[in-house]
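Input sequences plus hints: build the corresponding full structure.
Residues -9 to 379 (this note's numbering) are what the sequence shown spells out, left to right.
Do not rely on the hints blindly, as some may be mistaken.
To be verified - Within a straight-line C-alpha distance of at most 20 angstroms, the following computed SDA-like cross-link-like pairs (lysine to any residue) qualify:
no.: 1; residue 1: K316; residue 2: E142
no.: 2; residue 1: K180; residue 2: H133
no.: 3; residue 1: K338; residue 2: F293
no.: 4; residue 1: K320; residue 2: S356
no.: 5; residue 1: K180; residue 2: R375
Said to hold, decoys possible - The calculated label-pair distances, taken between Cβ atoms and stated as ranges, are:
no.: 6; residue 1: R230; residue 2: T194; range: 37 to 43 angstroms
no.: 7; residue 1: R375; residue 2: R207; range: 41 to 47 angstroms
no.: 8; residue 1: Q379; residue 2: S341; range: 15 to 21 angstroms
no.: 9; residue 1: R230; residue 2: Q137; range: 40 to 46 angstroms
no.: 10; residue 1: H326; residue 2: Q379; range: 18 to 24 angstroms
If you're looking for bench data, these hints aren't it; they were derived computationally from the structure. Only a predicted model underlies this, so the values are computations on that prediction, with no experimental measurement involved. Note that CB positions come from ideal geometry on N, CA and C, so glycine has one too.
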Amino acid sequence: MIVRALRQWWTGTNDKQLFDAQERLLKTFVRAPLVSVAKRHGMNVAEFTNDRSSGTPTATEPPTVVLLHGYGSGLGFFFRNIDPLLDSGRVGRVLLVDWLGMGGSDRPYCRRPIRGLSDCTTAWCQSRFNPSQAVDFFLDPLHQLFQEEIGENESTWLVGHSLGGYLVARYALQHSTAGNSAGSTINMEKVILASPVGFPSKPTNLLPSAQMPTAIRLVDALWSANVTPQQLVRMMGATRGRNAVRRALAGRIPQLAAGDSDDHVLEILANYLFHITAAHPSGEFAINSLLEPGMSPDIAGVFAREPLEPLFQEYAQRQHTRQESKLHWKVLYGDHDWMRPNEPSARKALSYLSQQSNSNDVASISIVPNAGHHLYLDNAESFARHILQ
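Take a look at the structure:
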């Protein structure tokens, strides 16, 4: 508790400021009414809807869209996507969800502390998770949330970005009717993976560390030690940390400032990002157990320890002995997306589904124009159209 209090003093942030920043972001840039913000099974959930009726939606009503963010992000980053979805008249409500240990969700302490110093050594012990344990850390509370928040017959579209796309895929592969003999607690109609990480397997011809460029060796060393970008921001403190976050955000998504007068969007979003970045460390450390960096003569990138392509193949094979799935899969990339080298692996993975069903309607890949990795911000209108198609 003392370490946590000192960290809050040094970074100049706390839970109240985080939720104030989230509220300011959503209420400033979203026209649709914010129905509620609440914790469900430790997960921070914001609900928007145009439906004035009470009660849980039924299968005859427009679907619910669930938006799940990527690593180091938060539900507020989807602020540009809510109104286009609801204005279409084809969506009943939109749920924004923070993964456990990220954003405004609960941030559990490490379950296996070293020398009893859990607050100081979370990174080192969380990296002991195996990939399945790390996946369960995120998906178990998500499943509990869906059981409580979404009706069994309610049509649901799941949308996950980057690491969120990987986790959404893992959830759907496990819980869709075709992949789970016990059936699903929700009626998944669509799964949209936006610039997802994790499709290809790690190359077999990896370069040894001595042959990697210095910058790649540094990243590999920090990754192996489970040193996260969030830790570096916390070390900088309030002023330098805020400035670093703003510069990083402007560099990654430059059009935020370019298209809006007085950097208004950039300032509000950077303030929100700083608070969710500097908050208590937790879920960020699972990244080491889920992903690993690698470099071969042909490609350098981050690869899932349990890649999606073989999991899709296993899923398609299981469909032979189960009832036909009505679930539609879609993968989206930006036209200048740094994740796009994964596209061939994603196409191969989805082809397993098409071959099994003898139909090209069950899975598709689309390219969002004028967009990079953050396609939901770079081209929000096109992103919404692809979700609605």
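Hints, one by one, checked against the model:
1. For the hint pairing K316 with E142, the CA-to-CA distance comes to about 15 angstroms; that is within 20 angstroms, so the pair holds.
2. A threshold of 20 angstroms between alpha carbons decides the hint, and for K180 with H133 the separation of about 16 angstroms falls inside it, so the pair holds.
3. Distance hint between K338 and F293 is fulfilled; the C-alpha atoms sit about 16 angstroms from each other, no more than 20 angstroms.
4. Using a Cα cut-off of 20 angstroms, the hinted pair K320 and S356 holds, with the two alpha carbons roughly 8 angstroms apart.
5. As the CA atoms of K180 and R375 are separated by approximately 14 angstroms, the hinted pair is consistent with the 20 angstroms bound.
6. Checked against the hint of 37 to 43 angstroms, the pair R230 and T194 passes, with Cβ atoms roughly 42 angstroms apart.
7. Restraint check, R375 to R207: a C-beta distance of roughly 42 angstroms satisfies the suggested window 41 to 47 angstroms.
8. Between Q379 and S341 the beta carbons are some 20 angstroms apart, a value that agrees with the proposed interval 15 to 21 angstroms.
9. The given range of 40 to 46 angstroms is respected by R230 and Q137, whose C-beta atoms sit roughly 43 angstroms from each other.
10. Distance hint for H326 and Q379: a CB-CB separation of about 22 angstroms, consistent with the stated range 18 to 24 angstroms.
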